Every structure is written in C-alpha cells, then in structure tokens.
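Participant: Sequence:
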Amino acid sequence: MWRSSVVPFRGTFDHTLDAKNRLTVPARYRAALSDGVVLAMPVDLKPCVGVWRPEEYESYTRRALAELPPLSPRRTELERFFYGSSHDAELDAAGRIMVPGFLGQHAELAKEVVIVGVGDRLELWDKGAWTEHRPTLLSGVAEVTSRVDDAA
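Sequential numbering from 40 applies to the sequence shown in my numbering.
Take the hints with a grain of salt, since some may be wrong.
Said to hold, decoys possible - Calculated lysine to aspartate or glutamate pairs in the EDC-like style (CA-CA distance at most 20 Å, straight line):
{"hint": "1", "residue 1": "K59", "residue 2": "D159"}
{"hint": "2", "residue 1": "K59", "residue 2": "E116"}
{"hint": "3", "residue 1": "K85", "residue 2": "D159"}
{"hint": "4", "residue 1": "K166", "residue 2": "E147"}
{"hint": "5", "residue 1": "K150", "residue 2": "E162"}
{"hint": "6", "residue 1": "K59", "residue 2": "E151"}
{"hint": "7", "residue 1": "K85", "residue 2": "E147"}
{"hint": "8", "residue 1": "K59", "residue 2": "E118"}
{"hint": "9", "residue 1": "K166", "residue 2": "D83"}
{"hint": "10", "residue 1": "K85", "residue 2": "E116"}
{"hint": "11", "residue 1": "K166", "residue 2": "E97"}
{"hint": "12", "residue 1": "K150", "residue 2": "D83"}
{"hint": "13", "residue 1": "K85", "residue 2": "E118"}
{"hint": "14", "residue 1": "K150", "residue 2": "D53"}
{"hint": "15", "residue 1": "K59", "residue 2": "E171"}
{"hint": "16", "residue 1": "K166", "residue 2": "D53"}
{"hint": "17", "residue 1": "K150", "residue 2": "D57"}
{"hint": "18", "residue 1": "K85", "residue 2": "D131"}
{"hint": "19", "residue 1": "K166", "residue 2": "E151"}
{"hint": "20", "residue 1": "K150", "residue 2": "E171"}
{"hint": "21", "residue 1": "K59", "residue 2": "D131"}
{"hint": "22", "residue 1": "K85", "residue 2": "E129"}
Since the hints were derived computationally from the structure, they do not count as laboratory data.
As the structure is a computational prediction, the values presented were derived from the model and not from experiment.
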C-alpha cells in the first residue's frame, strides 16, 4: 500500500472545517506533512479529498501513467485528471490546511469532517457522507475476507 519508509497514516479523527475552509491536521501527522501536501480528488470519485505527501502523490501518478503509452488519449485524460483535480498546499503555523473550493465541493464538505488514515494518505470526508459510507465499507471488507478464506 505505502511505498516509503515513512510511518503510514492510520486512524479516524473528527475535526471541523472553519469559515475559511481550513482544517486542522491531527498533531501526530503535522511533522510528516511539514514539507507541504497535495490535496486531490480520488480516482474512484468517492466524495472525499485525498491528502498526500507530495512525493507519494508523484510516485502514485507516475506508476498509474506508466501503464499507458505517452501519446495515448487515455493517458492524456488521466494526466488532466491527476494534475487538474489536485492542489498543492502548505500547513500554516496552526497546523491547518486550506481545502480549495473545487475539492470541498466534490466531497460536499460541510463543517463536520472526518479525517481517515489510508496508509499512504489521509482522506477528508464530510461526517454525514462517512457515516453513510461506513456500512458499505464494512460489508465490502467482510465480502473480500470471506473470499480470501474460501480460497485458502
């Protein structure tokens, strides 16, 4: 899942988005994100925002694009998606990141936000959307693990 020696992001944290679309990053992850972040729309188009270390996002996009010929229309579309739906940001002195409007709209972020650790990145979910998605996530995990058990 993660490709570096950096400790993976784990856990679920409840936070709030302020009136200026700033979100406080959990204190335990501020040092890991001190060189900045890339905020990005996820490729599965789930209503969330990915928060990546810049080097991890670059590695992720390079691996995905490497599968396609350099001049192919599919690669061009993926490049548009990866680079056009992402945004570089810095943590401010209070450990906050500003979520740009287009990403906040994609994720339908309201005041209450859930920050979810996903190994190589964090995801920002509107609390209502996360609450709605969680049962689907859990049943999907149960289904996958039962298939693994059946194959063993």
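Participant: Compare the structure with each hint and give your call.
Facilitator: Outcome of the hint check:
no.: 1; hint: K59 x D159; verdict: violated, 27 Å
no.: 2; hint: K59 x E116; verdict: violated, 31 Å
no.: 3; hint: K85 x D159; verdict: holds, 17 Å
no.: 4; hint: K166 x E147; verdict: holds, 10 Å
no.: 5; hint: K150 x E162; verdict: holds, 15 Å
no.: 6; hint: K59 x E151; verdict: holds, 14 Å
no.: 7; hint: K85 x E147; verdict: holds, 11 Å
no.: 8; hint: K59 x E118; verdict: violated, 29 Å
no.: 9; hint: K166 x D83; verdict: holds, 19 Å
no.: 10; hint: K85 x E116; verdict: holds, 18 Å
no.: 11; hint: K166 x E97; verdict: violated, 28 Å
no.: 12; hint: K150 x D83; verdict: violated, 24 Å
no.: 13; hint: K85 x E118; verdict: holds, 19 Å
no.: 14; hint: K150 x D53; verdict: holds, 11 Å
no.: 15; hint: K59 x E171; verdict: violated, 26 Å
no.: 16; hint: K166 x D53; verdict: holds, 8 Å
no.: 17; hint: K150 x D57; verdict: holds, 7 Å
no.: 18; hint: K85 x D131; verdict: violated, 27 Å
no.: 19; hint: K166 x E151; verdict: holds, 6 Å
no.: 20; hint: K150 x E171; verdict: holds, 16 Å
no.: 21; hint: K59 x D131; verdict: holds, 13 Å
no.: 22; hint: K85 x E129; verdict: violated, 24 Å
When held up to the earlier numbered hints, the structure conflicts with 1, 2, 8, 11, 12, 15, 18, 22 and fits the remainder.
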